[in-house]
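Visitor: As they're listed, the protein sequences go chains F and U.
Here my numbering = 1-based position in the first sequence + 3.
Here my numbering = 1-based position in the second sequence + 2.
Some clues are possibly wrong.
Stated by the list, open to error - Some chain U residues judged to face chain F by a derived CB distance under 7 Å, without partners named:
no., residue
1, Val18
2, Asp88
3, Leu90
4, Ile93
5, Thr96
6, Ala104
7, Val180
8, Gly217
9, Thr220
10, Ile230
As the list claims (entries may be wrong) - Residues from chain U that face chain F, not an exhaustive set, calculated with beta carbons under 7 Å:
no., residue
11, Thr108
12, Phe119
13, Ala139
14, Ala173
15, Ala187
16, Thr203
17, Ala221
18, Met225
To be clear, the hints were calculated from the coordinates, so they are not data collected in a lab.
Don't be surprised by glycine CBs; every beta carbon is placed ideally from N, CA and C.
What follows is each chain in one-letter form.
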Amino acid sequence: MGFIEFLFTRNQMVLRLLLEHIWLVLFAIIIAIIVGVFLGLISAYYPIISKIILPFTQITMTVPSIALMGILIPLVGIGMINAIICLVVYSLLSIVRNTYTGIKEIPEEYIEAARGMGMTKRWILFKIKLPLALPVIIAGVRTSIVMIIGIGAIMSYIGVGGLGDLIFRGIARTSRNMILTGAIFVSILSIVTDFFFGKLENYFVKKTS
Amino acid sequence: MHLKKDYNIYYPIILVILGIATAVYFVNNPGGTMAARLLNYDEIIRTCREHIILVIISIIGAILFSVPMGIIVTRPRFKSIAPIVDNLTNIAQTVPSLAVLALVYTALGLGFKTGLFALWLYTLLPILRNTSAGIQAIPDEIIEAAKGMGMSPVHIIYKIELPLALPVIMAGIRVSAVVCTGAAALATFIGAGGLGDLVVTGLALSRNTIIFTGGILTALFGMFIDSIFGILESYLVTKRNFDM
Numbered sequence: 004m005g006f007i008e009f010l011f012t013r014n015q016m017v018l019r020l021l022l023e024h025i026w027l028v029l030f031a032i033i034i035a036i037i038v039g040v041f042l043g044l045i046s047a048y049y050p051i052i053s054k055i056i057l058p059f060t061q062i063t064m065t066v067p068s069i070a071l072m073g074i075l076i077p078l079v080g081i082g083m084i085n086a087i088i089c090l091v092v093y094s095l096l097s098i099v100r101n102t103y104t105g106i107k108e109i110p111e112e113y114i115e116a117a118r119g120m121g122m123t124k125r126w127i128l129f130k131i132k133l134p135l136a137l138p139v140i141i142a143g144v145r146t147s148i149v150m151i152i153g154i155g156a157i158m159s160y161i162g163v164g165g166l167g168d169l170i171f172r173g174i175a176r177t178s179r180n181m182i183l184t185g186a187i188f189v190s191i192l193s194i195v196t197d198f199f200f201g202k203l204e205n206y207f208v209k210k211t212s
Numbered sequence: 003m004h005l006k007k008d009y010n011i012y013y014p015i016i017l018v019i020l021g022i023a024t025a026v027y028f029v030n031n032p033g034g035t036m037a038a039r040l041l042n043y044d045e046i047i048r049t050c051r052e053h054i055i056l057v058i059i060s061i062i063g064a065i066l067f068s069v070p071m072g073i074i075v076t077r078p079r080f081k082s083i084a085p086i087v088d089n090l091t092n093i094a095q096t097v098p099s100l101a102v103l104a105l106v107y108t109a110l111g112l113g114f115k116t117g118l119f120a121l122w123l124y125t126l127l128p129i130l131r132n133t134s135a136g137i138q139a140i141p142d143e144i145i146e147a148a149k150g151m152g153m154s155p156v157h158i159i160y161k162i163e164l165p166l167a168l169p170v171i172m173a174g175i176r177v178s179a180v181v182c183t184g185a186a187a188l189a190t191f192i193g194a195g196g197l198g199d200l201v202v203t204g205l206a207l208s209r210n211t212i213i214f215t216g217g218i219l220t221a222l223f224g225m226f227i228d229s230i231f232g233i234l235e236s237y238l239v240t241k242r243n244f245d246m
């Protein structure tokens, strides 16, 4: 059976796995954005906390995803919880780091000017700091989401579905078409996401400048 | 000449000791006879050796390929294709490691060589991108000044361009080393061995001690490679600053 023919006969399954993959990644990235921006803000405001959080995120980054998955199995077992923890941990790094640098890089004059206008600290955060840091935060989300699309494919190994299923099943059955479908769709998904977030980033860069 | 403060030279040694301690602990406490059959020193040394060979050979191969390629791409003759190469590497970079392994597997079949080739292919991208970006970022005046001093093109590469681009190139090498270690743990899925073997076998047998040993060792190896390349990076950059 040719590759195109395979795609047409299995389109239902491929579509289902693609949607599963997208949902898994979206769920993880939403949690990661909430937690990551919060942690980034805390570390931007309190230098002591930033000294703990930033090196920690950097060390986590060097741990391969399959290792973290393996370490978590005795603790939380296989399945959705394990996968979500892994994806959130890996996407935290760039979001925390970019939120931190985005807020730190805002020129002091802007904050002074806002304070001179009589803005309270909360207003400065929501009206000055966050909007100005937004392009940098979006760049962090972009790196994270592309990375966890790839890690999501590995997480199929512990039974959460997604496009990785096609790759692992294909390897188990030595079905070339199945592997190709899985690999190509995962690649397309991450390239398209990267492209889309690149556009979004440019839009916000133009808007803030 | 001293190393930058943020890299502790004892850090990799501590990681190695932690790794050996983990291996010794789990070999002595395998938690069951079936796990004991797999958790012995021979098996652990075999997986570690395969992992190290996969990572080292693909990184060295990638450096040997990418740095010359980066230099070639930035020559005036190829100025027109440099942006294309940059874009291509950026796009290829977003392809997940598992997908690269799977695609290479469909072309070459199972085995250690397939894993090695896939890892090499995946590792060379950050180095190529950073070499070309680092050389392109050098101001034209510096190259012009070197030409004015009568330096030959080869001399300009060795004495001007490579030393100036060194921090960027080393950052690329470090990133690709970390990426490569992560991908090497997945090489087990296409039958290339490595520490991922322990995790996958443990999952198949549902023996937590095997999974845990594999996971901890893979994680420590990732941190180890990162710290080694961090030390190398800061050493070379400090040495360059000292020489110039």
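Visitor: The structure should be examined with respect to each hint, and the outcome stated for every one.
Guide: Against the structure, the hints come out as follows:
Among the interface hints, the one on Val18 of chain U is violated; its C-beta lies about 15 Å from the nearest C-beta in chain F, farther than the 7 Å criterion. Taken as an interface hint, Asp88 of chain U does not check out: its beta carbon lies about 14 Å from the nearest beta carbon of chain F, beyond 7 Å. With 7 Å as the threshold, the beta carbon of Leu90 of chain U stays out of range of chain F, its nearest partner Cβ sitting at about 12 Å, so the hint is violated. About 6 Å separates the beta-carbon of Ile93 of chain U from the nearest beta-carbon of chain F, less than 7 Å, and the hint is met.
Because the beta carbon of Thr96 of chain U sits about 5 Å from the nearest beta carbon in chain F, less than 7 Å, this interface hint is met. Checking Ala104 of chain U against chain F by beta carbon gives a least distance of about 4 Å; that is within 7 Å, so the hint holds. For Val180 of chain U, the interface hint holds, the least distance from its beta-carbon to any beta-carbon of chain F being 5 Å, beneath 7 Å. Interface hint at Gly217 of chain U: satisfied, since its Cβ lies 3 Å from the closest Cβ of chain F, which is below the 7 Å cut-off.
At about 4 Å, the closest approach between the beta carbon of Thr220 of chain U and any beta carbon in chain F falls short of 7 Å, and the interface hint on this residue holds. Violation of the interface hint for Ile230 of chain U is found here, the shortest Cβ-Cβ separation to chain F being roughly 11 Å, above the 7 Å cut-off. Among the interface hints, the one on Thr108 of chain U holds; its C-beta lies about 5 Å from the nearest C-beta in chain F, closer than the 7 Å criterion. Taking 7 Å as the C-beta contact cut-off toward chain F, the hint placing Phe119 of chain U at the interface is violated, the least distance being around 15 Å.
Look at Ala139 of chain U: its Cβ only gets to about 19 Å from chain F, farther than 7 Å, so that hint breaks. The restraint placing Ala173 of chain U at the interface with chain F is violated, with a minimum CB-CB distance near 14 Å, outside the 7 Å limit. With 7 Å as the threshold, the beta carbon of Ala187 of chain U comes within range of chain F, its nearest partner Cβ sitting at about 4 Å, so the hint holds. Interface hint status for Thr203 of chain U: violated, as the beta-carbon distance to the closest one in chain F is roughly 11 Å, over 7 Å.
Proximity of Ala221 of chain U to chain F holds as hinted, the smallest CB-CB distance being about 4 Å (cut-off 7 Å). Satisfaction of the interface hint for Met225 of chain U is found here, the shortest Cβ-Cβ separation to chain F being roughly 5 Å, below the 7 Å cut-off.
Going down the numbered hints, you'll see the structure goes against 1, 2, 3, 10, 12, 13, 14, 16, while the others check out.
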